[in-house]
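Participant: Chains as they are written, first to last, in our numbering: chain A, 69 to 323; chain B, 11 to 345.
For the record, the hints were derived by calculation from the structure and aren't laboratory data.
Please note that a few of the clues may not be correct.
As the list claims (entries may be wrong) - A few chain B residues that face chain A, going by a derived Cβ cut-off under 10 Å, partial list only:
no.: 1; residue: C191
no.: 2; residue: M194
no.: 3; residue: L197
no.: 4; residue: S201
no.: 5; residue: Y205
no.: 6; residue: I208
no.: 7; residue: N213
no.: 8; residue: A215
no.: 9; residue: G221
no.: 10; residue: A224
no.: 11; residue: L325
no.: 12; residue: I329
no.: 13; residue: A330
no.: 14; residue: R331
What the hints assert, rightly or not - What the simulated footprint calls covered on chain A by chain B, stretch by stretch (three residues with Cβ under 8 Å from a Cβ of chain B suffice, anywhere in the stretch; the number is not a length):
no.: 15; region: 80-90
no.: 16; region: 104-115
no.: 17; region: 173-179
no.: 18; region: 238-246
Said to hold, decoys possible - Computed Cβ-Cβ distance ranges for the label pairs, DEER-style:
no.: 19; chain 1: A; residue 1: Q155; chain 2: B; residue 2: F30; range: 51 to 57 Å
no.: 20; chain 1: B; residue 1: A28; chain 2: A; residue 2: N161; range: 46 to 52 Å
no.: 21; chain 1: B; residue 1: L104; chain 2: A; residue 2: P72; range: 22 to 28 Å
no.: 22; chain 1: B; residue 1: A328; chain 2: A; residue 2: K259; range: 32 to 38 Å
no.: 23; chain 1: A; residue 1: R184; chain 2: B; residue 2: M226; range: 16 to 22 Å
no.: 24; chain 1: A; residue 1: D136; chain 2: B; residue 2: I22; range: 55 to 61 Å
no.: 25; chain 1: B; residue 1: L104; chain 2: A; residue 2: S217; range: 28 to 34 Å
no.: 26; chain 1: A; residue 1: R129; chain 2: B; residue 2: Y128; range: 53 to 59 Å
no.: 27; chain 1: A; residue 1: G214; chain 2: B; residue 2: G193; range: 52 to 58 Å
no.: 28; chain 1: A; residue 1: F183; chain 2: B; residue 2: I22; range: 50 to 56 Å
no.: 29; chain 1: B; residue 1: A328; chain 2: A; residue 2: R209; range: 24 to 30 Å
no.: 30; chain 1: B; residue 1: L295; chain 2: A; residue 2: I156; range: 45 to 51 Å
no.: 31; chain 1: A; residue 1: S217; chain 2: B; residue 2: L295; range: 45 to 51 Å
All figures in this text were calculated on a predicted structure; none of them were measured in a lab.
All C-beta atoms in this analysis are idealised placements derived from N, C-alpha and C, irrespective of residue type, glycine included.
Read off the chains here:
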Amino acid sequence: MTGPVLETQSLTKSFGGLVAVDHVDFTLPGGGLHAIIGPNGAGKTTFFNLISGFLPVTAGRVVFHGRDITGKRPHEISRLGIARTLQIKSVFNGLTVIDNVWIAAKGQSRFLHPFRPASSYTDVAREAEALLDDIGLAGHRDEIAGNLSYGDIALLEIAIALATKPKLLLLDEPVSGMSPNETQRTVEIIKNVSKRLDVILIEHDMEVVFGVADVITVMTQGTILCQGSPDAVAKDTRVQEAYLGTPEDEEAAGA
Amino acid sequence: MGRLRNLEPMQILGLLGALFFLTAPYALPLVVPGFWVNITAEIMIWALFAASVNLLFGYTGLLSFGQALYFGMGAYGVALSIEFFHFSFWPAALTGIAVATLSAFVTGIFAARLTWHYFAIITVVFSLIFFFFAVGWKDVTGGDDGMPFTMPPVLKVGGLELSLLDLTFQYYFILAVVGACFGMMHLLLKSPLGYAFIAVRENTARAGLVGYNAYMVRLLSFVFSGFFAGVSGVLFALFSRYASAHFLFWTVSGEGVVWAVVGGAGTLFGPVLGTAFLIVIREELSAYWEHYLLVVGVIVILFVTYAPQGIMGLLRKAIARYARPAAGDGRGARP
């Protein structure tokens with residue numbers, strides 16, 4: 069397996085007249101933490117939605133570890149080894165924290181026994197407990213997920229994603245809405261995770277992005293503007309324009 | 011006694027309920043007229059039917075208004091195989107259950123693609139199609155008038171013959187079958203598949219993202235639900251000695267939903283409480299007032315508005331308020 073982890077070829081998604089993702093050729097060679105940044109509406113989340121099977125692709129292909137996964141449904145893609153978190157945090161709100169992670173770990177099974185007690189799957193339970201320990205949610209084990217703080221829900225969502233034992237983890241704004249302390253904790257977790265598996269991170273917090281990312285891809289208006297090391301991206305004038313706007317835009321914004 | 015004191019209030023209530031159903035044929039006639047034993051048997055059958063609605067609605071998040079279809083399939087399955095094919099008791103009963111489960115599978119292939127109002131609409135449409143079919147095919151189904159059949163013995167060994175015509179035996183037969191079904195449902199809900207039902211109910215998108223095929227999970231829930239509705243239909247046909255096209259009518263489905271919701275959707279025994287409560291009201295009021303359903307309607311509206319967790323929810327709240335301090339002490343003493 070020397071090919072790239074993830075590759076999109078001319079990947080396109082249009083909603084009516086609006087082209088949200090426009091012929092994107094993206095390659096994730098693997099190893100390290102990859103961040104995708106860009107202004108609102110650049111197509112970052114849509115790009116994730118296409119990879120994870122949330123939205124049907126208009127044109128182009130998605131190849132994961134040499135396998136064409138275009139058009140596969142989310143549960144199939146999950147079983148092939150791509151996990152993701154959502155921009156609007158998505159957990160099983162009415163269930164306990166431990167059940168959330170247990171369900172995620174068990175979701176990878178081909179067969180769901182209809183009569184064997186769930187509590188008899190001690191291996192799954194051990195995995196779930198260990199994950200809660202790693203993520204630092206063990207203290208909230210028996211709480212109802214919906215009652216957790218926003219930051220803890222975001223961490224739980226990461227734990228849920230990791231419980232599926234992915235090869236590739238897609239994180240959509242994991243630290244948005246977090247306190248500085250929670251952000252720091254989450255960044256540490258993301259750093260550690262990225263040593264074991266490939267991570268693509270969408271994030272608006274530039275401090276976080278430039279602190280953790282090995283490679284940064286900048287998207288605007290559905291296309292990739294540039295890609296490179298944090299230093300190279302920071303110096304790129306096109307990126308500064310995309311974020312800060314051209315002088316005329318600034319005048320308009322100031323008015 | 012020490013062990014009994016460690017029981018949670020809910021477990022004590024459960025034991026009292028079990029005791030009631032186990033002793034009803036002998037205990038009930040001591041306090042109320044004898045026909046209440048039969049009403050209790052009927053409550054058990056309908057409670058199983060309401061539980062089948064609850065499996066879909068309370069646990070999988072699918073509101074079916076067509077459960078009567080599988081109830082009716084079970085009823086006609088047993089009635090027709092006795093009357094037309096001269097099956098003996100057990101093959102006829104199993105045929106009824108198989109027909110119901112199979113029809114749930116076939117209709118589920120389409121229905122499980124949908125959720126919410128679309129799911130409610132497709133299930134009610136399926137049941138109406140078969141209702142009109144049963145009404146029209148009068149030669150076989152008996153249509154509106156229903157189709158009576160001769161009850162074969164349950165067991166015949168030498169001189170011993172057990173038959174549902176013996177009302178006490180019938181009561182315990184129904185109790186055993188309904189009890190076994192609730193036991194099975196309990197296992198199902200505590201299994202990985204049961205957790206998958208709940209995961210799909212809680213967050214279908216998230217369930218998909220962690221690997222659950224929501225469509226398959228819904229379909230399996232639908233088939234199990236059809237199985238339980240089928241068993242209740244078989245029991246009801248045996249109990250009332252006939253099957254009728256009206257068993258398939260949407261009002262039967264609607265009653266199942268109402269019983270489950272009033273009792274407490276998403277709890278195993280909520281449907282039993284709801285069914286018992288509303289059937290007792292029916293029995294008490296219908297003798298005095300033919301429009302007693304208005305009262306039922308008001309009760310349902312009050313529950314849905316002010317106690318959406320149903321009777322079970324009210325019980326839990328009451329226990330939390332009055333019994334918790336004592337139970338809390340007991341828990342604290344445990345290691």
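Participant: Indicate, hint by hint, whether the structure satisfies it.
Facilitator: Here's how the hints hold up against the structure:
no., hint, verdict
1, C191, "13 Å, violated"
2, M194, "8 Å, holds"
3, L197, "5 Å, holds"
4, S201, "5 Å, holds"
5, Y205, "5 Å, holds"
6, I208, "7 Å, holds"
7, N213, "5 Å, holds"
8, A215, "6 Å, holds"
9, G221, "4 Å, holds"
10, A224, "7 Å, holds"
11, L325, "19 Å, violated"
12, I329, "18 Å, violated"
13, A330, "15 Å, violated"
14, R331, "20 Å, violated"
15, 80-90, "violated (count 0)"
16, 104-115, "violated (count 0)"
17, 173-179, "holds (count 4)"
18, 238-246, "violated (count 0)"
19, Q155/A with F30/B: 51 to 57 Å, "52 Å, holds"
20, A28/B with N161/A: 46 to 52 Å, "33 Å, violated"
21, L104/B with P72/A: 22 to 28 Å, "56 Å, violated"
22, A328/B with K259/A: 32 to 38 Å, "50 Å, violated"
23, R184/A with M226/B: 16 to 22 Å, "18 Å, holds"
24, D136/A with I22/B: 55 to 61 Å, "59 Å, holds"
25, L104/B with S217/A: 28 to 34 Å, "54 Å, violated"
26, R129/A with Y128/B: 53 to 59 Å, "32 Å, violated"
27, G214/A with G193/B: 52 to 58 Å, "31 Å, violated"
28, F183/A with I22/B: 50 to 56 Å, "27 Å, violated"
29, A328/B with R209/A: 24 to 30 Å, "28 Å, holds"
30, L295/B with I156/A: 45 to 51 Å, "48 Å, holds"
31, S217/A with L295/B: 45 to 51 Å, "50 Å, holds"
The structure fails hints 1, 11, 12, 13, 14, 15, 16, 18, 20, 21, 22, 25, 26, 27 and 28 (numbered hints given earlier, in ascending order).
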